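Chemist: Let the sequences and hints guide you as you build the complete structure.
The sequence shown begins at 570 in the working numbering and counts up by one.
Treat the hints as calculated values from the structure; they're not laboratory data.
Don't take each hint at face value.
[Said to hold, decoys possible] With a cut-off of at most 30 angstroms between alpha-carbon atoms, the simulated DSS-like pairs for lysine-lysine come out as follows:
hint: 1; residue 1: LYS580; residue 2: LYS961
hint: 2; residue 1: LYS580; residue 2: LYS741
hint: 3; residue 1: LYS741; residue 2: LYS590
hint: 4; residue 1: LYS580; residue 2: LYS590
hint: 5; residue 1: LYS692; residue 2: LYS951
hint: 6; residue 1: LYS949; residue 2: LYS683
hint: 7; residue 1: LYS646; residue 2: LYS590
hint: 8; residue 1: LYS950; residue 2: LYS961
hint: 9; residue 1: LYS741; residue 2: LYS951
hint: 10; residue 1: LYS951; residue 2: LYS580
hint: 11; residue 1: LYS692; residue 2: LYS897
hint: 12; residue 1: LYS580; residue 2: LYS949
[Unchecked claim] Label-pair ranges, simulated between beta-carbon atoms:
hint: 13; residue 1: GLU946; residue 2: ASP914; range: 41 to 49 angstroms
hint: 14; residue 1: ASP913; residue 2: LEU936; range: 45 to 53 angstroms
hint: 15; residue 1: HIS943; residue 2: SER812; range: 43 to 51 angstroms
Computed from a predicted structure; not experimentally measured.
All C-beta atoms in this analysis are idealised placements derived from N, C-alpha and C, irrespective of residue type, glycine included.
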Amino acid sequence: MRALTWQGTSKVSVETVPDPKIQEPTDAIVRITSTAICGSDLHLYDVLGMYLDKGDVLGHEPMGIVEEVGAEVTHIKPGDRVVIPFNISCGHCWMCRRGFFAQCETTQVTSQGKGAALFGYTKLYGQVPGGQAEYLRVPQAQFGPIKVPSDLPDERFLFLSDVLTTSWQAVKYADVQPGGTVFVTGLGPIGQMTARIARHLGAERVIASDNVPERLEMARRHGIETLDTSDVDVPAAVYDLTSGRGADSVIESVGMEAHGSPVQAAAVKAAGMLPDALARKAVETAGIDRMAALTTAFAAVRRAGTVSIIGVYGGNADPMPMMDLFDKGVTLRMGQAHVKRWVDDIMPLLSGDGDPLGVDDLVTHRLPLEEAPHAYEIFKKKQDGCVKVVLKP
Numbered sequence: 570m571r572a573l574t575w576q577g578t579s580k581v582s583v584e585t586v587p588d589p590k591i592q593e594p595t596d597a598i599v600r601i602t603s604t605a606i607c608g609s610d611l612h613l614y615d616v617l618g619m620y621l622d623k624g625d626v627l628g629h630e631p632m633g634i635v636e637e638v639g640a641e642v643t644h645i646k647p648g649d650r651v652v653i654p655f656n657i658s659c660g661h662c663w664m665c666r667r668g669f670f671a672q673c674e675t676t677q678v679t680s681q682g683k684g685a686a687l688f689g690y691t692k693l694y695g696q697v698p699g700g701q702a703e704y705l706r707v708p709q710a711q712f713g714p715i716k717v718p719s720d721l722p723d724e725r726f727l728f729l730s731d732v733l734t735t736s737w738q739a740v741k742y743a744d745v746q747p748g749g750t751v752f753v754t755g756l757g758p759i760g761q762m763t764a765r766i767a768r769h770l771g772a773e774r775v776i777a778s779d780n781v782p783e784r785l786e787m788a789r790r791h792g793i794e795t796l797d798t799s800d801v802d803v804p805a806a807v808y809d810l811t812s813g814r815g816a817d818s819v820i821e822s823v824g825m826e827a828h829g830s831p832v833q834a835a836a837v838k839a840a841g842m843l844p845d846a847l848a849r850k851a852v853e854t855a856g857i858d859r860m861a862a863l864t865t866a867f868a869a870v871r872r873a874g875t876v877s878i879i880g881v882y883g884g885n886a887d888p889m890p891m892m893d894l895f896d897k898g899v900t901l902r903m904g905q906a907h908v909k910r911w912v913d914d915i916m917p918l919l920s921g922d923g924d925p926l927g928v929d930d931l932v933t934h935r936l937p938l939e940e941a942p943h944a945y946e947i948f949k950k951k952q953d954g955c956v957k958v959v960l961k962p
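Modeler: As structure tokens, then:
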């Protein structure tokens with residue numbers, strides 16, 4: 570089959586690799602019909618190469634048609650249309666029974682001290698081949714795959730794999746209250762959907778910041794108030810818009826790719842030039858994550874407010890403004906999305922005639938899988954109005 574493979578820092582290529590096969594009775598093989606590029610993929614593309622091997626297959630936002638199932642897989646069958654959650658969870662362990670699917674004890678990567686295995690996401694999370702490919706082996710398929718209707722386009726359901734469920738959790742973790750004010754840092758795909766979901770779940774006012782014109786315009790189409798980070802002091806502007814109090818809830822949706830932290834950006838680049846073993850040590854022990862988005866979030870939240878961190882961080886963040894956070898009485902919540910925990914809440918919003926979350930207005934680029942290297946470049950550089958890319962194998 571053809572698959573998108575990591576070949577080195579800022580270098581990916583589509584190669585011919587062995588077809589996946591059933592290895593366990595709980596496996597399934599899915600023929601991929603749509604697969605998206607995530608902002609987290611850019612972390613692998615640019616920053617976290619020390620945890621990858623040349624030839625690793627990337628991608629964790631896929632959907633497609635079931636081709637084959639193992640003997641213990643009964644809830645799906647060949648021919649079913651399914652979305653694949655980015656985290657691999659068993660559905661029956663102590664964590665899964667409590668809805669913490671991103672911490673599944675069956676697939677936890679205990680050798681790395683990490684939570685549930687993820688598709689297409691480094692040695693830290695199991696080095697499981699990803700979904701930017703023609704076919705995908707799905708472990709724990711007795712639980713993971715999400716059956717979806719066949720009468721609507723892929724893109725209506727594709728983002729159950731990550732974007733929609735991650736954004737829903739971000740809003741739930743932010744303790745958004747009816748009539749409250751929400752501020753979202755960053756208007757990439759997660760920020761876009763987080764802002765829309767916050768409005769859908771009752772926030773009276775949603776404010777979001779970015780500096781990419783196409784992202785700002787997309788948000789405004791959905792009733793989001795926008796702040797251009799190149800024009801304003803964002804925390805000060807949030808305070809001005811909230812009677813000097815700050816936002817009730819802040820959702821940090823950028824993560825370690827944030828701009829505005831030149832010293833930490835240089836440290837990340839330097840770490841990436843070290844031999845893998847030394848680079849891993851630097852990332853895991855030194856404070857090299859870029860703090861600009863976190864600093865903005867902490868400054869913009871009101872006293873006794875909540876900050877939900879859904880942007881991905883890959884190392885240590887230092888320094889943290891602990892005195893201010895303690896003095897303000899800020900609540901922090903964060904973590905990988907427990908994808909299947911939120912599917913039942915979201916599915917009715919996708920399967921009807923309407924589109925209350927505006928899912929049909931997110932994808933800006935649809936490209937063949939063979940053009941994936943170009944897609945990574947325009948997504949990384951925010952060229953050609955690129956907000957979200959879907960690849961078609």
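Chemist: Determine which of the earlier numbered hints do not hold for this structure and return their numbers in increasing order.
Modeler: 2, 3, 11, 13 and 14
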